[in-house]
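Undergrad: Chain by chain, the residues run as shown.
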Amino acid sequence: MKFSYQWLRELVEDLSASPAEAARMITLKTAESEGVEAHGSDSIIEVDNKSLTHRPDLWGHSGMARELAAIFGKKLLDPVKPRQLTGNSPIHVDIEDYTLCPRYSALLLENVTVKPSPAWLAQRLESVGLNAINNVVDVTNFVMAEIAQPMHAFDSTKLHADTIFVRSARDGEEFVSLSEERFTLDPSNLVIADAQGAIALAGVKGGASSGISESTTRIVLESANFNAANVRRTSSRLKLRTDASMRFEKSQDPVNTVRGLYRALELLEQVSPGIRVVGGIADAHRLPPAPAPVALPVKWLERKLGRPISTAEVRAILESLEFRVEELDEETLSVFVPSWRATKDISIREDLVEEVGRMVGYDSITPTAPLAPARVPPASPARLFHHRMREMAAAQGFTEVYNYSFLSDEQAREFGFDPAALVQVANPIAAGQNLLRPSLLPLIAKNLADNARHFDSFRFCEIGREIHPDREIAHFAAAIYSKGDGAAALSELKRLAECLSSGIDFLPVSETRSYEHPHRTAEVLCHRTPIGRLFELHPSMIEGGRGSVLDLDLELLEKLQPLSLRYQPLRRFPVSAFDLSVVAPARALIGKVQTQLAGLAGADLVSISFLRDFGLPGGERSLSYRLTVGASERTLSSDEVAAIRNRIIEGMRAHGYELKV
Amino acid sequence: MTGFLELHSAAVAQLEAAATLEAIEAVRVEFWGRKGKLALASKEFGKLTPEERARSGKLLNEYKQAFEQLYEFRKARLDAAALDARLESEWLDLTAPAPGVRPGSLHPVTQVQKELEDLFVSLGFAIMDGPEVETEHYNFDALNIPSHHPARDMQDTFWLRDGRLLRTHTSPVQVRALEKFGPPLKMIAPGRVFRNEEVDASHEHTFYQLEGMMVDRDVSVAHLIYFMKTLLSAVFHRDVTIRLRPGYFPFVEPGFELDIQCLICGGSGCPVCKHSGWVELLPCGLVNPEVLRYSGVDPKEWNGFAFGLGLTRLVMMRYAIDDIRLLMSGDLRFLNQF
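Protein chains in written order, with our numbering: chain A, -18 to 642; chain B, 5 to 342.
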């Protein structure tokens, strides 16, 4: 919103602050000023629209003038002079639903001369970014920019009959705007209509059929109030944002409609001499009752601000902003909210904390530590666990990446997902970002391909959320890109998994997915519960090297972490160790053989570790293990150790393995 | 008795000539070993008179001590030489690169987030989390942003086909945390948020925020300023000057924009602060009673403050990152620097 400094000065008596100082104080006390620009002999203060969202009154110069008058202790000048317009209006107004249009005021004028505006008017509008069109339209825009009341002028000779209807559009009703855009409406859109059809889109834009032209001599001036949500809905659905709709969607003050007519009439008499009013004002309204005053206990206000303030000072501040204040008792004020702040902005005492706070200045408040009992906050174990995981991964050489939560149909399909079954974005930013990721893997694969352009080998990890229709699951993914046979990379990822948690095992799977290497894929178990996959990307998924990936369900992994740990007493009696070499087929599993050996060793087994894998002529392998045995309450005799060893050898033979003894 | 001197002189001469540990040992064995020439000499003492025996014994003992002294001296010399030779042979090129992997880097957002989490935990705040896919209720309605409220324009929203949305801010966690734990509560909620915006060097559709809230019996603007000053001084590792000015956010009342005095120019004005001396840093305010009511908390009994810190923005300030897209790029040339 652009504010003309000259215009503001006309509305504040003796405003002496420079444009820069006014802008600075507006920022500190009212709304964010984005800077001051010279415009001829004037200065334009630009204020961020977002900071005016809650202030319908600041969409006109008189609202900002009121702020400046309060800030600098000056007198506010009202540009509107009420007039006596008696007599019945020849215009009838028929409002279908007063919740959508609480008030519709109109005035019929004749003997109008449509011509270009005088320079002062055209320049004033241009200085605040409005185009000068002709004297009649320019006056309506001037009033809007001055008192925030949007207005519209119809050529009354182009209207059919003398009743103005405010009604819902018929389904499929056609409407052509002043700028010749064609819209097809539905009953959610509110229109202004004559006997024949829509002549304006209520609160948004006038229609082409009844627009002002050079030959216009009789006009109907509309100054109405429309429901904010309805205007906003219509303007966003039709993608038609106008200066009027921007104001109405902030909840304008219905008291202002007649004031707008007074002000417009005064200006039209200047720019179209000889203009005459026909009858009085047509004014249909069903206004909401004036809100009850807000009780403001001054002690409470002091506690909210965290600084002392006298009742007199509170009262003076509120009155400078044109609130009416009564004293209920010595410590409580009864505050009557002016109509232009009551539509949405101010209804509770907390709103008044802001009014007083901003005017006394927040820099007058001394920072104070709260006096509150010390409390231990609720714990957040998942977050700590995630931090532990990423720190461990980083220590093992994995750099953390963050990926988007979005995927394309193609990326989803490549990783075996049916796009129709995924969470879909209704308004994606790009065609390739229409799905939410049900897996970290598609983008991990992309990271592999992207970085392979710069490095021969690298490793990275991500902690992120899988998004499924019914829930979000935190996952950990790690990947290594390498040249060569890829075995070492898988081994490194195995080691990483074992660093992340105790109880990790790998179970090769026979059923692999299309993106997995069919002979290099294992399920990852934690304390025998499946928690993820370890695999090499299928060669069709990656070029130039190999991509090895670990993908773990962090939520599950966290649940499987032991809650408490109890130490094992140190062994008091010596243990004995012996090595065994098992002759196994070419594709025997080292882990499976180890499990079999451990099972046969029985209760006295202390530990078992794999030593080496030695290829034999004919394709078989010799797998060597070291077993350590011992009893907890005594020393095993050499005969007992030999008996265990023999039992294992016999047992393995029964399983079909020969042993190299 | 005759010949002792010759033998001793020969032993000394050979010892001095011997160049290895083996050679001096051989000399020792030849002369003073169990069957050594000088060791055997004492066996001939039987033929001597007691006086001669005593004199010869004394002499022989002196020769033995002299030999042993020289032997130890020579041995020490040769040991030292041998050690020197070994050390010399063990020369290593310590500029050769060490094998093995180096630690990876944590994402810069993770690092700053962790730092802030630790800071807030030390101030007694809990760390909370909420879903990235949110309902309209938690993201807007419960935060006092009803549908068709113009404040919804402030946040371009990714809507999902099932009617839900991607959270546009971490503020929904305020409501979720209050519903779960009730007052009094001090919490922060760092997390990923989404805005439907075109991406360029300074705009991202995916970025990180850190929400904070304190709800207690009598929380004031003075308390809010105190916490913000403490927080920001810790974040920037120096005492900072802040100011509050009015800002509109429907979930706080009163609402503020918090500015920090420009750390580059100290407030005198420079391009970073657009010559104003101040840099807009975070929105904050006292929690709107409507939000408390939506969270099942009685606003007559409790109130609080809330703030929203732009984590991504803070990371960019800290590391002077001039292109926001790098953070979500997965590019290890960038990420390995942290």
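Derived by calculation from the structure, the hints in this document are not laboratory data.
Where hints are given, some of them may not hold.
[Unchecked claim] Dumping the calculated EDC-like pairs for lysine to aspartate or glutamate here, alpha-carbon to alpha-carbon at most 20 Å:
id, chain 1, residue 1, chain 2, residue 2
1, B, Lys41, B, Glu20
2, B, Lys184, A, Glu453
3, A, Lys641, A, Asp594
4, A, Lys641, B, Glu48
5, A, Lys280, B, Glu20
Undergrad: Assess, step by step, whether the Cα of Lys641 (chain A) is no farther than 20 Å from the Cα of Glu48 (chain B), and give holds or violated.
TA: 66 Å, violated
Undergrad: Starting from Lys184 (chain B), check that the Cα of Glu453 (chain A) is at most 20 Å away, please.
TA: 19 Å, holds
Undergrad: Given the hint that Lys280 (chain A) pairs with Glu20 (chain B), does the C-alpha gap stay at or below 20 Å?
TA: Not OK: Lys280 (chain A) and Glu20 (chain B) at ~106 Å, beyond 20 Å, violated.
Undergrad: Lys641 (chain A) and Asp594 (chain A) were given as a pair; does the straight-line alpha-carbon distance stay at or below 20 Å?
TA: 13 Å, holds
Undergrad: Take a quick look at whether Lys41 (chain B) and Glu20 (chain B) sit within 20 Å of each other, Cα to Cα.
TA: 18 Å, holds
Consistency note: the structure conflicts with the earlier hints numbered 4 and 5.
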